[in-house]
Amino acid sequence: MSKKRIGLTNRRAVTGYLFILPFILGFLLFMVQPLFQSLKMSLSDVNISTSGFAMTWNNFYNYIKAFTIDPEFNRMLATEISTMIYQSLATIVFSFFVAMILNQEFKGRALVRSIFFLAVILSSGVLVGIEYNNSLMAGLKDTIEKQGNSNGITDVLEKILLAGQTNAASEKVFDKLFEIIDSIYDVAMASGIQIIIFLSGLQNISPSMYEAADMEGCTKWESLWKITVPMISPIFLVCWIYTIIDFFMKTDNQIMEKINNVMIVQLNYGFSSAMAWIYFIVVMLLIGISSLIIKKVVYYYE
Amino acid sequence: MSDEGKTMKNIIQNTTQNEQPLEKQKIGFWERNEASGGILLRETIKKYALSIFRALLLFGMCFLILQPIFNKIAVSFMSERDLYDTTVVLIPKHFTFDNYKLTAKLLEYSTSLFNTIWVSALVSIIQVFMCALVGYGFARFDFPFKNFWFFCVLLVIIIPPQTISTSLYLHFHYFDIFGIFKAITGQSLNLRSSMLPYILMCLGCMGLKDGLYIFMIRQYFRGFPYELEEAAYVDGCGTFSTFMKIMLPGAKPILTSCFLFSFVWQWTDSFYTELFLGKIKMLSSEISGIADRLQTYLTLTLGERMVTQAYEQQILATGVIMIIIPLIILYLFVQKQFVESLTTTGVKM
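Chains as they are written, first to last, in the working numbering: chain A, 1 to 302; chain E, 1 to 349.
If you are wondering where the hints come from, they were derived from the structure by calculation, not from laboratory data. Treat the hints loosely; a few may be bogus.
Claimed, not checked - Label-pair distances were calculated between CB atoms; the ranges are:
hint, chain 1, residue 1, chain 2, residue 2, range
1, A, T83, E, L154, 41 to 49 Å
2, A, N47, E, E230, 26 to 34 Å
3, E, K336, A, F97, 22 to 30 Å
4, A, R75, E, T299, 32 to 40 Å
5, E, I69, A, F174, 31 to 39 Å
6, A, Y185, E, K105, 48 to 56 Å
7, A, T83, E, I39, 34 to 42 Å
8, A, L111, E, L298, 35 to 43 Å
9, A, E179, E, H94, 33 to 41 Å
10, A, L28, E, P326, 43 to 51 Å
11, A, V229, E, I39, 25 to 33 Å
Unchecked claim - In silico SDA-like cross-links for lysine to any residue, where the CA-CA straight-line distance does not exceed 25 Å:
hint, chain 1, residue 1, chain 2, residue 2
12, A, K107, E, L58
13, A, K40, E, F63
14, A, K250, E, I159
15, A, K107, E, L275
16, A, K107, E, F63
17, A, K226, E, L50
18, E, K209, A, E257
19, A, K258, E, A55
As the list claims (entries may be wrong) - From the structure, some residues in chain A lie toward chain E, with a derived Cβ separation under 7 Å:
hint, residue
20, P22
21, F248
22, I278
23, F280
Ideal Cβ positions, reconstructed from N, Cα and C, are used throughout, including at glycine.
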């Protein structure tokens, strides 16, 4: 032991690095490297041969193609992004609401909780895509509606509410609102993890705060806005980001389908990675801007 | 409630005006109500109304989640005739197991189920163990650039694997380490048809949603008492054996949750499965091609016959039921630990 002595802090630092070494290696090999490669690919023509693949620079042709030549990409991007925004909003509100209810004491709470967490299982992977394409159920619904000559509740409501309206803007708002209500099933299935996150956040709020507020004559409604919402606001941010990413990675996403299709069927690697990058950058911008806005309102207790 | 309340009130008023209350418990409520000037009654009604409203709401939402499953189960037992019969809604008229038999054949159920079980179990064990290592490293040690690396973890959560799928695909198709293989054999290795790339990725914490597990485990370890670790060090336990003997058993709840998440997500994942495990028959990849296989099967056995869409959907529904049944059985067994660990100790952001 004649070597230079290493201090405890340094030794701890080395051990720490050893612990996270798998992550560093994995990150560099399977994330940074492919990321750069895919960026490079998106900027070039990729030629595949038996011995490997060659890339030639082509002056942003893939990007230009995606925006100007491809007939459906722009439209798809716009629809997907707008659907993403309003569905994520609906998911956040819904999951917060459900978490509030599940946090209360009532009979059969364990059962209800486990049913809601069941949604986490049922809304993963391929199952979502299958549910989405379920034309049998849609067909059944159509025939039933035709035979019974009845409309969905939302249709009726829409007619009533829109009867006296001639304003185009409010009509649009209502349309979106009803679209959300109609897609409540998707929202409920997508909010499994968010409910868990909100629930654990709600349970971390100390009950003495509510007691104090109660003593001071605060109503339940007031304590919701003055205690629960500020205390849980950091979690809103986390949930918001998580929801957007979750939506981004769904298998029934039109753009993702197109990207995979271009890659596997048409073997056009350059174009598919260019589209993936455009989509990725748009979503990152969305996340960045919205989290900056949310960060302004978030309240950190500690 | 309110009607009953009024009549009750009248009776009580009539009978108790001159007499002493016989049953203190029962009459107590109304007396207290009168003493409070009707507030008590109002509050009680409000309480019950709220809980009835809540029960209705929860029932509706649970129904929303469960209904598709019930529907699929019902459809899966129907014979094809029942699908076109408008009088049949949920209970099949011609009860049959044929759908299950056919679907099992189309999915090659025993093979793919077995494959899915061992692949999912292997992958999730590796994932959880590696993420526990990394999460522990982040939670307990101080080292230079720690924040930078943790930022990278967050980046892994945020960057969707689809962005890099194209290059990963090619990367493993022409796999090589600094050109060594090419120099020896003259060709790069095609690793895409084996499981090795995926295992490598899981070892490097880049599997399905690994960033999330690292994050969750780190948060859990951060709230873990330091004393246990210190006691172990004082007694001469090394860093790694402390981790194995003290920290891992202590983190059981969060590890169980992560394992379950990982197992379930791996079970139903189609993205990585199609990218890396193309040669291995897995349930999730089999189900996505089931419609085509049904068509071929029917043409082979019955000659020229188009598959109607309803029948196709029926087989698909049966397939989905067969895929989620093992998961639901698993969930029933560990449901209590799962829900409790997640809601009490689990995800602390």
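Hint check results:
A:T83 and E:L154 have their C-beta atoms about 25 Å apart, which leaves the hinted 41 to 49 Å range violated. In this structure, A:N47 and E:E230 break the distance hint of 26 to 34 Å, their C-beta atoms being roughly 60 Å apart. Between E:K336 and A:F97 the C-beta distance comes to about 25 Å, which sits within the given range of 22 to 30 Å. A:R75 and E:T299 have their C-beta atoms about 37 Å apart, which keeps the hinted 32 to 40 Å range intact.
Range check, E:I69 to A:F174: Cβ separation about 32 Å, and the 31 to 39 Å hint holds. Checking the proposed 48 to 56 Å range against A:Y185 and E:K105 shows it is violated: the Cβ atoms sit about 31 Å from each other. Here the CB-CB span from A:T83 to E:I39 is close to 48 Å, at odds with the stated 34 to 42 Å. Checked against the given bound of 35 to 43 Å, the beta carbons of A:L111 and E:L298, roughly 42 Å apart, stay inside it.
Separation of A:E179 from E:H94 is about 39 Å and conforms to the stated range, judged on CB atoms against 33 to 41 Å. Evaluation of the 43 to 51 Å hint for A:L28 and E:P326 yields a failure: the beta carbon distance comes to about 37 Å. For A:V229 paired with E:I39, a C-beta distance near 28 Å keeps the hint of 25 to 33 Å intact. For the hint linking A:K107 to E:L58, the alpha-carbon distance of about 12 Å falls within 25 Å, and the restraint holds.
With a C-alpha separation of about 49 Å, the suggested pairing of A:K40 with E:F63 is violated against the 25 Å cut-off. Restraint check for A:K250 and E:I159: satisfied, since their Cα atoms lie roughly 13 Å apart, inside the 25 Å limit. For the hint linking A:K107 to E:L275, the alpha-carbon distance of about 46 Å lies beyond 25 Å, and the restraint is violated. Of the supplied pair hints, the one linking A:K107 and E:F63 holds, its CA atoms being roughly 17 Å apart against a limit of 25 Å.
Simply put, A:K226 and E:L50 have alpha-carbon atoms about 22 Å apart, close enough for the 25 Å limit, and the pair holds. Annotation: proposed proximity of E:K209 to A:E257 holds, straight-line Cα distance about 20 Å (limit 25 Å). The straight-line distance between the Cα atoms of A:K258 and E:A55 is roughly 43 Å, outside the 25 Å bound, and the hint therefore fails. Annotation: A:P22 was flagged as interfacial toward chain E, and the flag holds, the nearest CB pair being 5 Å apart, inside 7 Å.
Checking A:F248 against chain E by beta carbon gives a least distance of about 5 Å; that is within 7 Å, so the hint holds. Hint status for A:I278: violated, given a least beta-carbon distance of 10 Å to chain E, over 7 Å. For A:F280, the interface hint holds, the least distance from its beta-carbon to any beta-carbon of chain E being 5 Å, beneath 7 Å.
Hints 1, 2, 6, 7, 10, 13, 15, 19 and 22 from the list above are not met by this structure, while the remaining hints are.
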